[in-house]
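The task is to assemble the complex, starting from two chains supplied on their own in separate frames and drawing on the hints.
Spelled out, the chains give:
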Amino acid sequence: MTEVRCDIAFTLNGAPVALNIGGHENIVDVLKRLGLSGARESCGQGLCGCCTVIIDGVAESGCLTLAQLVDGRSVQTIEGLDADGALSPVQQAFIDAGALQCGFCAPGFVLMSHQLLAANPDPSEAEIRDYLSGNLCRCATYPEIIKAVRLAASRMRAAQAA
Amino acid sequence: MNEIRSISAKQVGRDVPRLESRQKVTGRAEYTHNITLPGMLYAKLCRSTVAHGRILSIDVSAARDLPGVHAVYTGETIRTLIAEPYFGPAFHDQPILAIGKVHFVGEPIAVVLAADPYVAAEAAQMIVAEYEELPAVFDEVEAMTSAAIVHETLKPAGTFADLKHLSGKSNTNVALDYQLRRGDTDAAFAAAEHVFEHEFHTQQVMHTPLEPMVSIAEPGDNCLTIYTASQSPSFVCTEIARLFGWRENQVRVKVPYLGGGFGAKLYIKLEALVAAAAMLARRPVKLSLTMEEQFYTITKHASTFRIKSAVNKDGRITARRCEIFWNGGAFADIGPRVTQKSGFTSPGPYDIDNVSVDSYALYTNRPPAGALRGFGIPQLVWAYESHTDLLARGIGMDAVEFRRRNLLREGRPQATGTLMHDAAIIEVLDKTAELMNWTAPFERGEGVIRRGRAIAIGFKAVVAPTTSGAIVNLSADGSAALYMSTVDMGQGSDTAMAQIVAETLGLVAERVKVVHPDTDVTPYDMATLGSRSTFHMGNAVKLASLHALEQLGAMAREVGLPEGTNYEIRDIFLKKYGMQAGNIIGVGSYVPPYTSPQKGTGLSDNVTPFWMVGAAGVELSVDTETGHVTIDRLINVADVGRPLNPAIVATQLSGAAMMQLGFTLFENMDLDHGQVTNASLADYKIPGMHDLPTVMDNVIVDNNQQNGPYGAKGVGETATFGVSPAIANAIEDAVGVRLTSLPLTPESVLRGIRALRGEKLEG
Ligand code: FES
Ligand code: FES
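Protein chains in written order, with our numbering: chain V, 1 to 162; chain D, 163 to 925.
With the rest of the complex left out, here is chain D (with noise of 0.2 Å):
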């Protein structure tokens, strides 16, 4: 028998139905969204309307008079309160409200206050700003070379040291340029039986969570109390006590359950702004965005990605070039890390001896982009996964056997020569061919409708090097409550680390009360992104609730029960305080090993502590006269180590290919000269019950991470890589079109049909 351990059901590895559902299917779960405070003023914006110009005027007066409106702030206010209201993850090119100059259509230039929402909005409406336009930039590529300069100068926030020599660099809107070096890919390349270049292009989208971007400031005495739908409670609070210049301890952020996340609520949002307009009225102030401003917010990185392989008569690639211009939009957010931190996984999950990177994070007069569903991944996966397929047909390969033999494996290389582990990435593609009937005849379709089918392969390296840390308070009755700052926001973080803590400590897991972030309460974390809290938080979490077992072990001891007893720990307590009395707290921090990149050559031994795999397989039906696709079957096929919770793995799953679905065939924002035209959901079309596949199946390979906690990694990307390349290769696969950028509209489709027979599309 395992001492104290009463339950022999195993915690993880079962469906435990989320921990909330009860609130949420009642509507009766809290979020941000939700709040009201009492005295609580609300917020609404004025935005620029031009796309780069020199602020002349900004008259507020017709606001300010507006019956009802309590205050209108500028630019100019903020920095009666701080003087350098500048704030970002990355650099600290954001400000809280413009000062001087205007870098999009949509910046914020002025917050009214009123206790009255609708009066808020009316004199947001009256408020009259005049300006010098500038020269805009909207273009990736061109944003390298172009005269327009969005920012003077750059200023990097000092947090990540490979962008301190950035510091002060002016005319240029290079944010950062990161390479990775290794081989000779020039003598490979001249060496080479084949050839092949490409480009491929992705368009700008975004998350449309739900519940819309919401956050609260409640000031206090010198101190404030931030409720807000973030994704990185601990980053809020670092950045607001910065901004202010006061200890983190002077700010408390609390999140409660998100309506959706999938990257928009990342580092520092809203928070600034009703921090800083808390403080100047003294009362607590709300920003709810509306859907049409959250495409003013954080949208996800359009990118022109040039790819070129040799390729030798073996079908074996020996070198690959990539060059990725990544379009940030006017300030940076967290671009250039998924410059850097996807850039060196951009030759793709392949065994390849020479290899070159240039990716460049580059600002351009857009509305900001940072991470969503993947950090950058999906847009690379989209274009070495669509060349990849071209490299096959090339060469008169089949696809899956071009694959299998150039993927990395156990103990392989990676790019950076950091040696690949626990990454089942031939089970992945092996399942995925399994699973289509790769070697079968595949029924081609006859008259207007031709069938397609294709497969692609991605990874990803999990953000290295991030902390999390974790506190399991033990009551004297034996029921459990978890502390942590992992955010849910519909992934099941909750459920998933309460099973942690059930499994280790002998408990259920539908007993474990999860304390959601506040950070007075909560330790640290990083942030609930690119699907690590899996792996850290889970790691945190298990050290702290094998904290909490040792010193209940001694307890035990203390008060003379047997070594591997089985006495309940309620009973331990007792026989300790002779009554239900007492706690036992136990704490877990958890921080990878992790090697920096050279500079230079970005090699490294140790880049990551875990690589997530996804696959995706799609068989479609084109109409030839419409250019319509209908998806008769996708396949998503996963490494995700031991899934602790497999039904809300296979949910993740569907849910991040689904998104990736839309961003596939029919999601863009349309931009006019910087101004998004399509910022609503009328226009704006996000996947709905009629986009769902015919058949769609998600389906988990047997691995273990080892250094995960209970086996277990990340998730909530690994579904969205494999998706769009897919399409476009089953796309070729049907109709003999090749379609390079996103989205995969019927139109593009028709278009390309109609090259293919020589007809011109009127129009």
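Chain V extracted, bound-state conformation (with noise of 0.2 Å):
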């Protein structure tokens, strides 16, 4: 392998960070080797959602996010989340849901519905599903995660009037 080596830096989760990467590791190897395995390498081909990380404000495969590409971006990933020590309303959401089995498309799951919310605080089940339809949950817990965006949107929304 001739092996093309790069200096990037981006900002992650809101700090800045700067490393040598292989040309070519994805972004999920990037994060791995810092720690974060929220976003994880599943299916591979952009089909699965497990390795979904918003960059710039726009939910993306990891999987097949070239690290070199996110060179100068912003970066958020699950663990941005709670960073606060606080769960995210979407988060709790999905606990009190019961919206997890094993939970390995969970962290995917769950920046789907963060952006969905902030793009539509009110979506009806048809728009959720279709929003969803991009991320896969082997241990099928659809119905779950249907209602816990529903409960999630009716706690938010009920904040925003408090």
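Since the hints were made in silico from the structure, they are not lab data.
Computed from a predicted structure; not experimentally measured.
Please note that a few of the clues may not be correct.
Beta-carbon label-pair distances, calculated as ranges [said to hold, decoys possible]:
#	chain 1	residue 1	chain 2	residue 2	range
1	V	D130	D	R176	30 to 40 Å
2	D	G230	V	A18	21 to 31 Å
3	D	D832	V	L69	45 to 55 Å
4	V	A161	D	T856	58 to 68 Å
All C-beta atoms in this analysis are idealised placements derived from N, C-alpha and C, irrespective of residue type, glycine included.
Quick look at the structure:
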């Protein structure tokens, strides 16, 4: 393998990081090296959402994102959501609705649910199904995930109104 | 007042959220997938490209010369370490790396180790193998008589008494021929009013846990630590020790959370390879399969089931003959157990006097098959419940009424002769019919959309006999830790077992610590499989908790506290030790009574400690122009005994039903001369959000499993049973098309509709 290495610098969950990476490495590889395992590779083809990361506000499949491409950009991962020690309303709703079994898919679903609720604070069940249809859960926790998103949405709207 | 109980809230039967919920929603839960050890090498495999062939040569020179490659090993290298490097739970038929010949496309033939996984992957591509191709067999029925023989001689592992007679057998692909004989089927068929005979097929599918299979071995001085995504740490320990000729205490197996298992991660899979590679390299070795590679590792049996029944004029089934062929692929894995343990339930949950069963485990040149959420039961229920609907139709009787007339009732003998106890079969049927409003008229659709509905009911005997052990450590501050080798792969076992500890000791479930499987620390458990943990481990955990409680009572008496004291646990310790010190260790071990079936007849008066019962009710719409099926409503009804955690039980039911929905409607491994051509989630579709039925209900009937911990029994597989046949039966109800092969694709529905109309499909 002809090894091309490069230096990159980006913002990770609000803090600057700089490191030297292999040209072939994807962002999941790099996050793993940084001790973050919430974004995880499963299908490796952009089909399951287990590797979801938010890059400049947009949800991306980490397994398809070469790490060099995040140079100079802002990356958010699941680990950023409870940085202050408190769970996000979506995370709390996932727990309360029992929206996880093995949990391998959970970070991806939680991040996507955040994206959904940011764009649409009161999604219908059909809208939830549509928005989350790119994430797979082999344990098929789908009914509970839908419930969790609705619960989070109503709590967030209530908090907004208060 | 109960002695030392300070908690009045019931711990069992409460919806305790999964103990590890927070770790999972924050992405911090520990999986083997995440583990990196200092100095670790990554392994990548080179795999066979032919389905059956003699290995002429394996050229690893280019791979070995690639900069960054640490080592390349083949089967011959492994042999320098282990003289007989064959493993497996039922047969020692699986080489760590191929030796002499390959048995399927995808069989590992060489492994590359490198510090950079990308280098290892590139080097693995550079390995060149030459084969002399041999005739191959892929179909399970052909394998019965084929000239192509997958394994020259059979090598049963010796652990199962009923496989011993196969030792040294050659020139056969039959890895087990199981029989059950009860009554006189020939006479019953000869005297029958009606005789019906059908054949059903299931396809090969894969578990696809989202955490792909992964194992790490860390070598020590004449010892090994294995970190693995395994459902059976105790078995891994035993089997690795056997391979190396070691004592069990030289092997330590640790298992954190699993990112899904479903049977894929059972017994021994990648562990032997990483163990051997780590010993050879003297470095930790990690092997992480890709999603694609999982399809070459373990799958669910394809099957053919020929079923024949005699029915008298009152609508009673008087005889049933079952012939089942299980496509086990290239290695037996646990297939022979599936063949027998599921085989004896193949006549279904019906009270039939004359039964004969022949169930065959077959080797073929396909990727190996093992257990997948049901241990063969979903394949059987698919056939016998499709067949049962056809019987009802054939004699013009209502499908629910026909079943009600024939179902096994409390105290009646099942086909093996074992009397049925605590199996709420009738209750499950009646509940399903009630929820479906069965006796009310049904909206049948109009125009191109036609609607249909149906039910199906199945049962399972938990595998027996198996053992579980547990330790409860009660600390001086009154907190408790549970040590057990049950693996939490998403089913919620940590939480349910903590509830049992809490209930028994008067604690709060959320505060019980569950120590994860570590064979240096946690006691033996047969495995986390077949819905056995709630019952077996649950009983062991309850016994361990009672043992701790008994010692606490003795301690209270010793320090002069009255019988029935409501002193806090910590105060009893304080009185005894004068400070916060000491602990109480409660131990429990459970193995239920069991009677081995008689050879030849398969009869036994105690074949299983409990039965699981599950039914599905389906309402669906068929688009007669496209063949597309929409599941309008899926009702899953189950007998789970008394649920320990109703919310988790409901999730287990809906998850199992959804998984089976995928196996019913679309999942299918496409094979071309033994090569899987859709081994990725791009081409092999699993259920997503949009595949959810419009309405899904999960309902538990009221029951008490008397020998279960707090009345509970297993649940993980129950909702898989009825789904496939209920959908096929409902399709016939809607459009008159009877499908006998899974999956029930729009194409097969449309072909059926066109055939009924006498129209041809182009192409
Ligand atoms: S691993 Fe990236 S989408 Fe599946
Ligand atoms: S919870 Fe297991 S994959 Fe979603």
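Going through the hints against the structure:
no.	hint	in the structure
1	D130/V / R176/D: 30 to 40 Å	holds (35 Å)
2	G230/D / A18/V: 21 to 31 Å	holds (25 Å)
3	D832/D / L69/V: 45 to 55 Å	violated (34 Å)
4	A161/V / T856/D: 58 to 68 Å	violated (32 Å)
Against the hints set out earlier in the document, violations occur for numbers 3 and 4.
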